[in-house]
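This is what each chain is made of:
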Amino acid sequence: MRQIVGVADMKVSNDQKDSIITYSLGSCIGVVIYDPIVKVGGILHYMLPESSIDKGKAAARPYMFADSGIPRLFKTAYQMGAKKQRMIVYVAGGAEILDQKGFFNIGKRNYMALKKIFFKNNVMINKQDVGGNTNRTIRIDIATGDIYIKTSGSKEVKI
Amino acid sequence: MTTLQKLLKEIKSLKPIPAVANQLLAVVDNPDSSMEDISNVIQYDPAITASVLKTCNSAFFGLKNPAESIKDAVNILGTDQIVELVLLKSGAAALSGRQKGYGLEGGDMWKYSVSSAVIAKQIAAKLSLKNKNTIFTSALVKDIGKIILEKYVTESTPKIQDLVKNKNFSFREAEKKILGIDHAELGAMIAKMWKFSPRMVKIIKNHHLPDETMIKDKEVAVVYLADCICMMMGSGVGLDGLSYRFKSQIMEEMGMSADDVAMIIAEFGMNIQEVEDLLHVV
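Chains as they are written, first to last, in the numbering used here: chain A, 1 to 159; chain B, 1001 to 1282.
No lab work stands behind these hints, which were simulated from the structure alone.
Everything numeric in this text was worked out from a predicted model, so none of it was measured.
Hints are supplied without guarantee of correctness; some may be wrong.
Only pairs whose alpha carbons sit at most 27 Å apart, straight line, appear in this in silico BS3-like list of lysine-lysine [unchecked claim]:
(1) B/K1126 x A/K108
(2) A/K150 x B/K1159
(3) B/K1100 x A/K155
(4) A/K150 x B/K1151
(5) A/K155 x B/K1165
(6) A/K101 x B/K1177
If we strip away everything but chain A, and leave its shape as in the complex, we get:
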């Protein structure tokens, strides 16, 4: 079944019939994780780097922020038997508008926040497609762990 991850949303599954997809990542980031041994995979689609700007919203929508969403993504997969050392990690999104500099560059800040969390927790990114000015859609098949990416106006490709 096709599981759709909305904006500020997350889905994790071990159902081999599932395909998890998230549409239209602009400056938002999509984190895809997959453990090939237990065949558990998931996608998180977050919008902003830090939940400190609004604790109330973070409590209501933890998947909106990198720092509140990423730990939940991994923990949910662990609860289904996934192990950190086997995890395949793919990151996409974090696009920017032309001339978008400094703190206004939400895409870059989203990516930096993720790098910081991964560094602290010893998580390696296996592959990524981040930055630039394109809009991306990503999908993972739980049975195989195959990951696909599509940019607007182009065909879907397997990475």
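With the hints as your guide, set chain B onto chain A.
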């Protein structure tokens, strides 16, 4: 026929946005107009009236007693809600199609338009601007030029993409260079022909801020910023992607920090369900 003549001919063949939208905007942003004035304008358009009542009586609003007239609907749901519904319904038919030249599937442009209108409304409220309905509608219809230009963009996609990818052009600048006109200018021509107010024509024409002196105009600035934020959020974005220019001077001009922008994004995140619901009911 020159390209311009061809474009003008195509504009004339477009099915215009119902006149009720313009009449409503003229009344609604006037502080002296009453609820009755507003109901009167709407009920002159039977198709829109029927459609608004159908939506008001749908499960989405869950009314105990059905609204039988626009006056009922205004009384029960409030002027803002009804005005917004009329404006959305006015734009839906024109903006819901597939725009292949921009890599937009059916419904994508509409989703983008509604999202940026909702974001523009948020920013206008934050800055306590008066003409919120004009701002909402301008944000909703600002990409109307793409409907006609998409065919020409399709024919010239490699040339446009080359300028964008290799020569540091924004997508709008590339349209202008290759086609002689960009989707914002064309949108303004359409708006003028459809007798939109000069304010709206100006906002549509400048929604990518080609002329930086325009940042002084608060309404232009709000629609521009809403468009940038909507691009960043990605929903309904086509092959032009985020290839437009971000002008940080506008933030200083509006007195907004990067945290303010993040707050607007977070608020939009909370409103996404509202946008999805609007897309379904309209």
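Status of the hints after comparison with the structure:
Taken as a hint, the B/K1126 and A/K108 pair is honoured in the structure, with Cα atoms around 26 Å apart against an allowance of 27 Å. A hinted pair counts as satisfied when its Cα atoms are at most 27 Å apart, and A/K150 with B/K1159 qualifies at roughly 22 Å. Proposed proximity of B/K1100 and A/K155 is supported: the alpha carbons are some 13 Å apart, at most 27 Å. For the hint pairing A/K150 with B/K1151, the CA-to-CA distance comes to about 23 Å; that is within 27 Å, so the pair holds.
Distance restraint check for A/K155 and B/K1165: the Cα-Cα separation of roughly 18 Å lies within the 27 Å cut-off, and the hinted pair is therefore satisfied. This hinted pair checks out: A/K101 and B/K1177 have alpha carbons roughly 26 Å apart, not beyond 27 Å.
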